[in-house]
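Residue numbers (the numbering used here): 1 to 137.
In case anyone wonders, no lab produced these hints; they're calculated from the structure. Each hint should be verified, as a subset may be incorrect.
[What the hints assert, rightly or not] Derived SDA-like pairs (lysine to any residue); straight-line CA-CA distance at most 25 Å: (1) K96 / I58; (2) K96 / D84; (3) K66 / F32; (4) K96 / T27; (5) K96 / A41; (6) K96 / L116; (7) K66 / T27; (8) K96 / V33; (9) K96 / S107; (10) K96 / N60; (11) K96 / A59; (12) K66 / A31; (13) K66 / V128; (14) K66 / G44; (15) K66 / P47; (16) K66 / V88; (17) K66 / G98; (18) K96 / A117; (19) K96 / G110; (20) K96 / I18; (21) K96 / P72; (22) K66 / S34; (23) K66 / P119; (24) K96 / H73; (25) K66 / P87; (26) K96 / S71; (27) K96 / A3; (28) K96 / A64; (29) K96 / A31; (30) K96 / G28; (31) K66 / D84; (32) K66 / A132; (33) K66 / P10; (34) K96 / P119; (35) K96 / D133; (36) K96 / L56.
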Amino acid sequence: MTAPNRLNPPTLPNSEAIGYSQISITTGRLAFVSGQVAIMADGGLTPADIVSQTDLIIANLTEALKALEASPHDIAQIRIYVVDMTPVEVETVMRKMGEFLSGAKPSLTGIGVSALASPEFLLEIEMVVQLADRSAD
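Between the sequences and the hints, there should be enough to build the whole structure, so can you do that?
Structure, rendered in structure tokens:
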């Protein structure tokens with residue numbers, strides 16, 4: 001599998017320093033992973049704080065990558081939606097995302113929203129993943 005090509009032109013702000021790329025170029029097949037919220041696979045209760053919700057969402061994203069036989073380095077794009085986003089939430093979520101991404105730098109968009117699908121959700125994360133080319137199979 002070829003990971004997306006990452007570009008950070010010097011004419012755009014330096015995003016590599018904070019863990020993402022300005023541009024991801026992909027070829028071949030893409031998987032669009034639905035926005036993940038803090039729902040446990042066994043139907044357990046949604047955690048009340050953003051740290052625990054972020055951890056649960058990252059666990060869900062990790063499971064999605066496993067199902068796709070992919071790694072964080074295959075993620076082309078991530079969108080993060082945060083309810084009533086403040087710098088504190090951004091720092092918390094981005095620190096956790098940095099750990100999850102393990103040095104991968106997909107293109108990334110953070111979006112502050114007033115609400116998500118249910119009032120207990122503080123965060124939602126979706127991703128686009130480049131898959132291995134199966135044409136040779």
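Given hint A64 paired with K96 - CA-CA distance at most 25 Å: OK: K96 and A64 at ~17 Å, within 25 Å.
K96 paired with A59 [C-alpha distance capped at 25 Å]: Judged against 25 Å, a Cα distance of about 11 Å means the pair holds.
Pair hint K96 and D84, alpha-carbon separation not exceeding 25 Å: The given pair, whose Cα atoms are some 18 Å apart, holds under the 25 Å limit.
Given pair status - I58, K96, alpha carbons within 25 Å: holds (8 Å)
Distance restraint between K96 and A31, which requires alpha-carbon spacing of 25 Å or less: This hinted pair holds, its Cα atoms lying about 23 Å apart.
25 Å limit on alpha-carbon distance, applied to hinted pair K96 and A117: holds (23 Å)
Given pair status - L56, K96, alpha carbons within 25 Å: holds (11 Å)
Satisfaction of hint between P47 and K66, Cα-Cα up to 25 Å: The hint holds at about 24 Å.
Restraint status (C-alpha distance of K66 to S34 at most 25 Å): holds (15 Å)
Hint consistency between K66 and V88 [alpha-carbon to alpha-carbon, up to 25 Å]: violated (30 Å)
Agreement of K66 and P10 with the hint, judged by alpha carbon distance not exceeding 25 Å: violated (34 Å)
25 Å Cα cutoff - pair K66, A31: Given that 25 Å is the threshold and the Cα spacing comes to 12 Å, the pair holds.
In this structure, the earlier hints numbered 4, 16, 23, 25, 30, 31, 33 and 35 are contradicted, and the remaining ones agree with it.
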